[in-house]
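Student: Each chain, letter by letter, is given below.
There are 2 protein chains.
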Amino acid sequence: MSNIASTPKPPYYAVIFTSVRTACDNGYSKTANRMIELAEQQPGYLGAESARENIGITVSYWADLESIKNWKANTEHLQAQRNGHKLWYESFKVRIVKVERDYGM
Amino acid sequence: MSNIASTPKPPYYAVIFTSVRTACDNGYSKTANRMIELAEQQPGYLGAESARENIGITVSYWADLESIKNWKANTEHLQAQRNGHKLWYESFKVRIVKVERDYGM
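Those sequence lines, one after another, are chains A and B.
Each step along the first sequence adds one to the number in the UniProt record's numbering, with nothing skipped, and position 51 is 51.
Each step along the second sequence adds one to the number in the UniProt record's numbering, with nothing skipped, and position 29 is 29.
Treat the hints as calculated values from the structure; they're not laboratory data.
Please note that the accuracy of each hint is not assured.
One copy or any two copies: either way a pair holds, since identical chains are not told apart in the list.
[What the hints assert, rightly or not] Simulated pairs of lysine to aspartate or glutamate, EDC-like, Cα-Cα distance not exceeding 16 Å:
#1 98 with 64
#2 69 with 102
#3 72 with 40
#4 72 with 102
#5 69 with 100
#6 86 with 64
#7 9 with 100
#8 9 with 64
Okay, chain A solo, but in the shape it has when bound (with noise of 0.2 Å):
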């Protein structure tokens, strides 16, 4: 998660996943843990990449939208958003994107 994510070549699509936590732990490191292993192995999931300061930032990039919704819909991953919006996020904000380009160095 703590690296730049090596992509294919575009297009594809990522979710920007923009938050600000609640002081409450109450279990979220774990399931933030769980929930990056648990990405990994669906179908479709291409990297990550996440930092937290004052907002955490973590975009996934995905295959194609449907992998997408298939991962918003997965059962311990709905729980997880549960949670979040319950105990461990203050606010958040998703967004939906697709790559159209990139470049680096």
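Given the coordinates of chain A, work out where chain B should sit on it, guided by the hints.
Tutor: What follows is chain B alone, placed relative to chain A:
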């Protein structure tokens, strides 16, 4: 930069800039702040989000691709990009994306 950006109803565009810093400051912090200030003045700028741990992730939001192209070509920004390549970044990746959908809490 450190809050969740208030963005309009999609579609709009974004630049996901992921980077690994070198140990060298050499004007980095000053330039980073100036680039935020300068970006905010550009036509089509909608907001930005930023966090750094092992890697840095900055997502800037834009009304259209034309605005992103103009920002990339801004003279002062071009100089910052050159210094970024030479001095400040071990590696980086830029992804130009179209935001198709968003939701949040």
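Student: Using 16 Å as the alpha-carbon threshold, which applies to residue 72 and residue 40: within, between, both, or neither?
Tutor: Cα proximity of residue 72 and residue 40: one copy only (13 Å, versus 33 Å across).
Student: How would you classify residue 98 and residue 64 at a CA-CA limit of 16 Å: within, between, both, or neither?
Tutor: both (9 Å within a copy, 14 Å between copies)
Student: For the identical chains here, do residue 72 and residue 102 meet the 16 Å Cα criterion within one copy, between copies, both, or neither?
Tutor: Only across copies: residue 72 and residue 102 sit 13 Å apart there, 25 Å inside one copy, limit 16 Å.
Student: Please work out whether the CA atoms of residue 69 and residue 100 approach to 16 Å or closer within one copy, between two copies, in both situations, or in neither?
Tutor: between (19 Å within a copy, 14 Å between copies)
Student: One pair to classify: residue 9 and residue 100, alpha carbons no more than 16 Å apart. Within, between, both, or neither?
Tutor: Answer is within: at 9 Å inside a copy they meet the 16 Å cutoff, but 19 Å across does not.
Student: Give the relationship of residue 69 and residue 102 under a CA distance limit of 16 Å: within one copy only, between copies only, both, or neither.
Tutor: Answer is between; shortest inter-copy Cα gap is 13 Å, intra-copy 23 Å.
Student: At most 16 Å between alpha carbons: which applies to residue 9 and residue 64, within, between, both or neither?
Tutor: Within. Shortest intra-copy distance 13 Å satisfies the 16 Å Cα cut-off; inter-copy 22 Å does not.
Student: Between the shortest in-copy and the shortest cross-copy C-alpha distance, which are at most 16 Å for residue 86 and residue 64: within, between, both, or neither?
Tutor: neither (29 Å within a copy, 35 Å between copies)
Violated hint: 6 only; the structure is consistent with all others.
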